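S.K.: Sequence:
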Amino acid sequence: MARLGLIQFDILWENAAGNAARVRDLVRQAIRTMDAADASFDLLLLPELWSCGFTMNHEAHKSFDIGFQTMQELARELDCAVMGGLPHKVEGGQENRCYLVTPDDSRHYAKLKTFNYAGEHLKYRPGSEAMRWEVAGLQISPYVCYDLRFPELVRPMMPETTMVTYVANWPSARVHHWRSLLVARAIENLCYVVGVNRIGSDGAGREYVGSSMVVAPNGDVLLDCGGGQGLFAVDIDPGEVARTREKWPFLADM
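Going by our numbering, the first residue of the sequence shown is number 1, and it counts up by one from there.
Read the hints as simulated data drawn from the structure, not as lab findings. There could be a bad hint or two in this list.
Stated by the list, open to error - List time: in silico PhoX-like cross-link candidates among lysine-lysine, alpha-carbon distance up to 25 Å: (1) 123 - 113; (2) 89 - 123; (3) 62 - 123; (4) 62 - 113; (5) 89 - 62; (6) 89 - 113.
Note that the structure is predicted; figures quoted are calculated from it, not measured.
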């Protein structure tokens, strides 16, 4: 079994120190209320751009250092992997990235599809390569928010990928799309799908209702965080992907 922890919270607008403190407090408070067995995680997941919010500030990347350091701190403190979205400076601008941080290593994926509807393409450079990372017996392909609307990004990663993740700032106005598309990605790829969203409102006036979810390979919703704030835990069986694909061998016909 693999134990996942989804951290859904109200991101403070362009306040890296405040967001780092909020995440540390939420995780540590939750851990204190758990039994020792329940407090052991394989992977913690945070939303997109959790250190600053979905800002079009061309200096959003300045929130990277404290965000990354916080992820490192949690990874070492809990001896697990931590995944979450951070902005990072690159030549000619910045990227909207998803990071996987372990106690002694880190990797990143840059968002392939910038959200042009909100002008993201003017402030963030798009990535160019899909990724696959191994964590706790899972082969994980990470994506960021708007990538969810493009199933063709995920399909070439199959069948090796067994879990797809989306870190997001997905607004309440389109939360029905969020929920439906997460389930669809699981059903069509016969794999686990995890979507981690935020709650609250941001400095651009957008509202968020959370609905972070973990979906099983058969499309069943294993965890729905609703609109709450906190650390939400769920156990998943990596072997369930192979069993589901053996029962329904649809990927062989891709």
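S.K.: Identify every previously stated hint that the structure contradicts and give their numbers, smallest first.
M.R.: Per hint list: zero violations.
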